[in-house]
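Peer 1: Here is what each chain is made of, one letter per residue.
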Amino acid sequence: MMARKKKEAEPDFVPFEISDRIDMTYRYSYGGISPFFRAIKEEAKLLGSRCARCKKTYLPPRVNCSQCYRPTKWVPLGTEGVVITCTAVYYATSRFYAKTPFVCAYIRVDGADTLLLQNILLDDVAQARPGMRVRAVFRPERKGEMADFYFVPASASSF
Amino acid sequence: MMARKKKEAEPDFVPFEISDRIDMTYRYSYGGISPFFRAIKEEAKLLGSRCARCKKTYLPPRVNCSQCYRPTKWVPLGTEGVVITCTAVYYATSRFYAKTPFVCAYIRVDGADTLLLQNILLDDVAQARPGMRVRAVFRPERKGEMADFYFVPASASSF
Amino acid sequence: MSRRVAILGYGTTPFRARWIDRTYYELAFDAAKAALKDAGLSHDQIESAVYGIYNDLFERQFMPDVYVHDYLGLGLKPSLRVTTGGATGGAAVHTGFAQIASGLYDIVLVLGVEKCSDSFNPELKSSTPEVLKGIIYSADMTFEAPLGLTPAASYALPTVAHMEKYGSPTELQMAKVSVKNHKNAFNNPYAQRPERITVEDVLQSKKICHPFKFYDNCLYSEGASALILVSERFAKRAKRPVAWITGLGASTDMAFTGNRADYADFGSSIAAGRAAYKMAKIKNPRKELDFAELHDAFTSAEILSYEAFGFCKPGEGGALIDAGVTEMEGDLPVNPSGGLIGCGHAVGATGVMQVGEAALQVTRRAGKQQVKGAQQGLVQSIGGPATSWTFAFVIKGE
Amino acid sequence: MSRRVAILGYGTTPFRARWIDRTYYELAFDAAKAALKDAGLSHDQIESAVYGIYNDLFERQFMPDVYVHDYLGLGLKPSLRVTTGGATGGAAVHTGFAQIASGLYDIVLVLGVEKCSDSFNPELKSSTPEVLKGIIYSADMTFEAPLGLTPAASYALPTVAHMEKYGSPTELQMAKVSVKNHKNAFNNPYAQRPERITVEDVLQSKKICHPFKFYDNCLYSEGASALILVSERFAKRAKRPVAWITGLGASTDMAFTGNRADYADFGSSIAAGRAAYKMAKIKNPRKELDFAELHDAFTSAEILSYEAFGFCKPGEGGALIDAGVTEMEGDLPVNPSGGLIGCGHAVGATGVMQVGEAALQVTRRAGKQQVKGAQQGLVQSIGGPATSWTFAFVIKGE
Ligand SMILES: [Zn+2]
Ligand SMILES: [Zn+2]
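Residue numbers (the numbering used here), protein chains in the order written: chain A, 1271 to 1429; chain B, 1271 to 1429; chain C, 16 to 413; chain D, 16 to 413.
Quick caveat, the hints were computed from the structure, so don't treat them as lab data. Fair warning: there could be bad hints in the mix.
Stated by the list, open to error - No more than 27 Å apart at the CA atoms, straight line, and that leaves these computed lysine-lysine pairs for DSSO-like:
1. A:K1326 / C:K180
2. C:K52 / A:K1369
3. B:K1369 / D:K140
4. A:K1325 / C:K180
5. C:K52 / B:K1326
6. C:K48 / C:K180
7. A:K1326 / D:K52
Just so we're clear, the structure is a prediction, and the values are computed from it rather than from any experiment.
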C-alpha cells in the first residue's frame, strides 16, 4: 500500500519551459576569522577563540564574545573530541548527491565550549554514535576550508 | 582633480580569501503566460492579453486583470510601436559586459496599453529617442524568450 | 496590547508538488482572490500588504514580492517582505499583526507564496536535490554547508540529541505521527498528499537521514496562502464570526547551533510558546487548547514540539502520540489539516496556511477536518538551522 | 497612533568599498555595539530585533540575519528580516516602528547590513559587474533581466521620461547634486567618498548609462548601521534629548513598470510623502522641514524626489538645486551626510543610516554636518524597479 497519487486538474494550455541559471562567483574573505582558516591550511591546526572574561572558548571561533561584547583571543586547541550528536545522510543535495552516505556530527573538541559540525569517516555510517571519541585528520592538500579535514574514531590506527 | 582615495586603517592580520560559487539551475515554466512565449518561438508573433471589462490590453501579458480580478483573453498584436523612454547602456553586468553599448527602451506596441522593455538595434546608440517609431525583428533561431526579438527604427529597410 | 487583531478572510491554493501552469505571482493571485472573497472585501480596500516568501532562488526571482504586489493590483499601497526560512509565513503574520495593532493600518493582506519545483538539476535529471541545494545556501556557508549538511540533517541532529537525552521519540512513535498526518490530510481539500499508510510503511520506507525515512519527511510543495487581517472596527462589520489572534510569541535561537547550551530541546518554541500563552492568558495549554497546527517538517519535530509547548513534560512527547491524544479523536488533535507532512510545505505559504486553518477551526468552518467544539488553538511556524526561529500564535473564536 | 516611537541610539560602521577584514556579522556587531553605547543600553535589554539585509547573494549567505542575531548574543529573543531592494533599511525601520507602536515590544534593535564586494568575476577580474549581476536578478527575470537591464538603467529610464515631460533635470543640474553630496561627505566621518569635484568633472566623467556619467552614481558600499528604537516610557529615561519618528509613510508602485500610467514621476515617493506628512501634520514641507536625507542612488533621483516630496512643483526640481536651496547653506539642505553618492550605499544599511543621521541632526549631535536649528527632517528610502518602494519618515526633535 504505497503512495496514492492525487489526480490533479490539467491546465487548458500546454505550459512552456526553458532552461535557466542563476549564479554568482566570489573571492570571499573570511574577515576576522581568517587566522582560523590560515592555521588549517598552513599548519593543519585548530584554533579556538577565548573570552577571558566569560571563560568561554568558541569553536567555530568568533573574534567578539557574543556574551560580553569584548574581543576574544586566539588559542590553540587539540585535535580530539567527543561526538554530541550525529546523523548519517543517505539523500543529499545535488552538490553532495554522489557522496552519500556520509556522517555529519556535532563534536565538542577538547578545550572548546561549543560544538563544531564535521564529517566522521567510518566504514559503516550506521556506527556513528553520540559519545564517540574522535580525532581530526587533515588532508595533505588544503585550501583553507572546512573540507580540509574530517574526523575518525580516536581509536582508528590510520585513515 | 579626480578621485581622492581615502586612507583606510589596515587590519592587524592578513585577511584570507577563497573562491566560491552559488548557483541554481532551472527548467522554468512560464506558467499562465506560456502562450506568449510559444507564439514568439513558433510563430514570431506578439500576443497581448485583454480585459474586456477594463478595455485594457496588457503587454507584457497577464492572464488575470489586476484591476478587476477577472481573466483576460489572448489577442494578437502588431509588431510596430513607439518609444516612450530609452537609455543607452555603456557599463553592464558581468553577463552583458561584452555587449555594451546597447539600448534599452520602453515601447508602447500598437494596440497595447502598457509598455514593454526591449532592445533597439541602432548604428549609434545615442540616436535612441522617446517618440521614435520602431518595429520588432524576430531572430531566425528562437528559444521562446525575450532575447528572441529586438526592435529597429520603423523606417529601417533591413537589419 | 493597544488594538485587537482579527482574521477576517483566508484563502489558499491547493498545495502541490508542482504548479507547472502557474507562475509564483499567478499562484499568489489565486490565494489573494480567495481570501478577499472570504473576507467580503475588494482588493481596493487593502491598506497594506506583507509578503512571506522564503528563498529567491526557488522563485528564480529576487525581490519576488514586488511583482506579486503589482499583479494583485495593489500599486502605490504599502508593502514589504519578510523572510525567515521555514518560519517565513509565521513572520509575515507577526508583521501584519504588528501593523494593525500599531494603528498604522486597519486592513492588511498577509500573503505567503513559494514555488520551488522549477529548480532542476540537468545531470541528475531531478528537481529535489537542486531544491535541497537551494535550501542549504541558508546553512552557515563557511562552517556547515561545505560538509554536505541537508535540511533533514538539521532536524535529525537535535532529534538524535533528544533521543540520547530522553530515550525518545522512538522511530515507531515518529512513524505514528506520519500515519496520523497523512490520514488527516484526506479531510483537507487543499492537501498535497493524503495517504493511507501504516507504521510499517513508514519504518520500511527509504532511509533519508538517520533516524528519518522517506515517510518521516514533509515534501516540498508549491502554493500560496493569504489572510486578511483587520482591526476590531472592521471585524465588527463582518456578517459571520471571525477568528482573533489573542496570543503571539516569537523567538530566534542561536543559529551557529553549536553555540547552544542544550541541543536536545526546541528552545525557540519553548520561548515563543511562553510569550504567546502569556499574552493569551493560557495557563494550562493541554487543557485550554482544543487543537494545534504544528510545523511537522519531520515527524520528530511534531513530537519535540508537544514538549516545547507544554502539552506534556520534556521527554514525554512520544508517549502522547502513543496514547492517541493528538489524533483527531484525541483530546488535543494536532494537525487536523494534515500538517506539512500531509498537506504540504510551500515554505513562505505554510505558516499563513496554518494560521488560516486554525481560523477555520475556531469559526467552525473547517468542514470534514473540523475539531468538535474548537474554540482556541495553537499555531507554530518554525525555520532555520535546528529550528532557530519560532513564531507562535493562539487563535481564538468569539 | 497608539504609542509614540523614539530613536534612543544610533551607531554605524564607516561605509567602505570593501571591508576585507570583517564578515557581514562582524560588521553588524560593530554597528550594534555602537548603537547600544549611544543608547546607554546593554544587548540584554533588547526585546526584539529587525534586520534589513537586501540580497543573500551579496552576503554569500542565505538567511544571513539569523547568524547576525546569534553573533549579537540575542539568542532566544524575537527577530525577523525584511528585504525590499534599495529600500530595505527603510522597511526595517518601518517594521521596528510598528513593533513598538503595537505595544508588542519596548526596545527594538533595527539593524541594516550589507557586504557585496566579495562578489568577483574571475574572467573580468572585477567585482562591480558581478555585483550588478546580483542586483539584476531582482529585475523581472522573464521580461527584463534577459535584455541587459542594469540598476542605472532602472533610474535612467524614468529620468529620461521626466526630461521628456518637463525638460528637466538637465545634465548640469544633475552634476550639481553630485558636487554637493561629494562635498557634504567631508563633514561625515563615516563617509566612503568625500571629494572636491567640479561640475565639469562630473560632466566629463565616463558614460555609464545615458544620461548618467560615473559621478552621477552612488558607489556600492559595505557597512552596517543600527538604531535602538524605544517606546515613550524608555525614551523618558534618557539623559539627553531623543529623536522621535513623528511621520511614517510607505508605498509600493507597480514593479512591472510598463504598467504604470505615468513613468515620469516618482509615484511611490509622492504617496509615501503624503502619508508621512499627514501623520506628522506637515502642511508646507518646504517651510516646515529643516533638512532631508534623500536616496540619491543617482543624481537625478534626488532632483525628482524634491518634486515628489513637494519641496517644489513638478518639473522644478532642477531649478531648486540651481538656486542653491538644497546646499548646506540653503534653506532646505539635502543630504548633509553626503547621501548615497558621498557617504555610500550599503544597501540594507543605507536607510537605517539615513534615519540615524536625521536623528543626530534633530538632537544637535551631527558635528560638522549639523544643520543649524534643525528641528524636523525628512528621510526617504527607495528601491526596486524604477523606485517601486518608498518608505518615508519625518524625524523630529524635542
Ligand atoms: Zn565574554
Ligand atoms: Zn479588468
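Peer 1: Between K1326 of chain A and K52 of chain D, does the CA-CA distance stay at or below 27 Å?
Peer 2: OK: K1326 of chain A and K52 of chain D at ~24 Å, within 27 Å.
Peer 1: Straight-line Cα separation of K1369 of chain B and K140 of chain D no greater than 27 Å?
Peer 2: 17 Å, holds
Peer 1: What's the verdict on K52 of chain C and K1326 of chain B, does the C-alpha distance respect the 27 Å limit or exceed it?
Peer 2: Judged against 27 Å, a Cα distance of about 24 Å means the pair holds.
Peer 1: Run the distance test for K52 of chain C versus K1369 of chain A: straight-line Cα separation, threshold 27 Å.
Peer 2: Answer violated: K52 of chain C to K1369 of chain A is near 50 Å, above 27 Å.
Peer 1: For a C-alpha distance cap of 27 Å, please report whether K1325 of chain A and K180 of chain C respect it.
Peer 2: Distance of about 26 Å is within 27 Å: holds.
Peer 1: Hinted pair, alpha-carbon criterion (27 Å max): K1326 of chain A, K180 of chain C. Please report holds or violated.
Peer 2: 24 Å, holds
Peer 1: Against the 27 Å threshold, does the CA-CA distance of K48 of chain C and K180 of chain C hold or violate the hint?
Peer 2: 48 Å, violated
Violated hints for the displayed structure, listed by number in ascending order: 2, 6.
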